[in-house]
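Undergrad: The chain contents come next:
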Amino acid sequence: MSKLLLLGDEAIAQAAIDAGMSGMYAYPGTPSTEIMEYIQHSKLAKEYKIHSDWSTNEKTAMETALGMSYAGKRSMVAMKHVGLNVAADAFVNSSITGVNGGIIVVVADDPSMHSSQNEQDSRFYGKFSLMPIMEPKNQQEAYDMVYEGFEMSEKLNVPILLRITTRLAHSRAGVERKEVQKHNKLILPKNPTQFVLLPSIAKVQYKELLDNQAEFIRLSEESKYNTYTDGTDKKLGVIACGISINYLNENYPEGVPFPVLKISQYPIPKKLVEKIMAECDEVLVLEDGYPFVEEQIKGVLENEPIKGRLDGSLPRDGELNPNIVKRAITGEQFEITIPEIVEGRPPALCKGCGHIDAYQALNMALNKYGKGRVFSDIGCYTLGALEPYNAINTCVDMGASITMAKGAADAGLVPSVAVIGDSTFTHSGMTGLLDAVIENTPIVVLISDNYTTGMTGGQDSHALGRIEKICEGLGVLPEHIRVFNPIAKNMDKMVAILEEELAYDGISVVIPRRQCVQTMRNKELVAKVKELKLNDFE
Amino acid sequence: MKTDIIIAGVGGQGIVSIAATIGMAALHENLNLKQSEIHGMSQRGGDVSSNMRISSNEIASDLIPYGQADLILSIEPMESLRYLPYLSKTGWLVTNSAPFININNYPELDDVVAKIKSLPHNVIINADAIAADIGSRRSSNIVMLGAASHFIDMNFDSLKEGLRQIFGRKGDAVVDANIKALEAGRKYVADNYKL
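Residue numbers (our numbering), protein chains in the order written: chain X, 1 to 538; chain S, 1001 to 1195.
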């Protein structure tokens, strides 16, 4: 078959299509977004009627995939690392239900926090859930692991966690495809109570999962992705996980002189680790993310001569690169001198963005109350924390705006304001709003509606045309749901509306509504906005 | 052969099109390639860069080590300097001279240009003006690719083929405009620099 030039994300998507996956479930999140987008644009996926609509959040995605697995078909879920926190309840329990159709959960970690609020390492979730974890070294391995992963999942009766990082997700290379496999038939689980996690059943299945661990370790030890390469210089051995093997090889084009254990499948291949520890005086562990392998080998007693992120041989945080790896092995320092004249160029809200006008109005309306009352959320509007807006005071996780505003109001900070985007609102904001409605907490929830999931590149928003109905349905009084068009000429009106609602002793929702400037060329969305008459308000 | 390139600019300046064109050209010549880029938050008017590695041998790392890039290809003058730690002693810095000013503390342009011209191997041209001259204002990124093509170890025709593949869907007029921009950038450097 022909070679394709694919991002790591795209290689994963193509492999899933080729492996007979019937449903893909995801919520957008950098650096995982392109997996779903590739499937949405694939002719073959359309031909095979592969499900490829976005989910409301990562938890609904994970659960829907589990439902598809129950019905016997292969499904995949993709998310960014913090999305796994949202999906965790379903994810952790899915290793106890096991699968009927194979499931692969792709989680894209973001070491160095290129576009995230932390650099948590998803391998811990895999270990926590007692699941096999795959960590490809390149685009081709990512393809192969997904292509073979569904069958592996079905055979072992457990979902497979595929852990990648930003660097692989967003790097292109040639990828060789394999034959397209047939989809599974619709077939119910042989054991009708397999997916019923009543304690009596869960206890039995959890024991089975525990019993299977030895087999998972044996498979890791025999995996073609975990390789032991001998070397002549045994003063040092190197354990290289996932893509870090490339940084090692980059420094030794003629071949690495030390024994090298490459790990791309977990649980940790115990025998291979024992071998390299026995052969070498010291072992350096290279891994992107947390010292997951390093810590396990080193243990609390620190009996093993292990070097890595914990002893300072490598930085404790951030991505690895060829120079950092070289320094850890040879001690060779490197200097990064950027000319002083170069200034930072942080990301900014786009010219003409509706969030800008909404923040201007909010700042003016809040003037008399003083600073420090605005709780915000995850999205483009988080950039409102920066100059010249200085409009928000928090950003923690998806949905935390409304709930934190409520908590602050409970503590006496009245009025408190939440700022959340339309897509984030349906992702995780609705439940928090219900809490505030139940107690009629005096907060203003500003839902900045731009008809899209903007930050990740303009994906569908499940909130489109539904926000007022959702808020009313949850119990917000219709007279305290206020909508306006955030443009400069409306400024006085916007400020007046906000002032009224800030003065109201109860819950109100204010919706500045204007299409994201980045999606203006999306004809489908423009037509839908027209059809739903979303722009028809004063 | 081996060419390691840092492509630099500001989000929205067309870095991805340059990278995709070189990528297609490399496939056309049956070369190995790895190309790493940053998406997401950094796209919103922030600095963006791509690591592009082409080689006849297998390529290990997606990231270019410091001091090893053969070429910095930049669509924006100040951004070209941000990646200097990557440039090898024999490498070339090829940049557009037209600034993209979306920050209050943008340095004096003369100082930026002076710094670029102090480097041993530099090419600094006004790609925006060249693109405007040929009636294709939006193609200044491809003008820069043409300018840098002297330092990319591939056939010039392969880059044209790359443009055909990348812009083919948008019709012949777009393809032709981009090929014209590519040629204009290449010619300008050939006429004005001793290579």
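Worth flagging that the hints you see were computed from the coordinates, not collected in a lab.
The structure presented is a predicted model; accordingly, all values stated were derived computationally and were not measured.
We put the CB at the ideal spot given by N, CA and C, even for glycine.
Please note: incorrect hints may appear among the correct ones.
To be verified - Part of the chain X face toward chain S, derived, beta carbon under 7 Å:
#1 114
#2 170
#3 171
#4 323
#5 503
Unchecked claim - List of simulated lysine-lysine pairs, DSS-like, C-alpha gap at most 27 Å:
#6 S:1089 x X:3
#7 X:528 x S:1170
#8 X:43 x S:1089
#9 X:523 x X:43
#10 X:46 x X:207
#11 X:326 x S:1089
Undergrad: Taking each numbered hint in turn, which are not upheld by the structure, reported in ascending numerical order?
TA: Failing hints, ascending: 5, 6, 8, 10.
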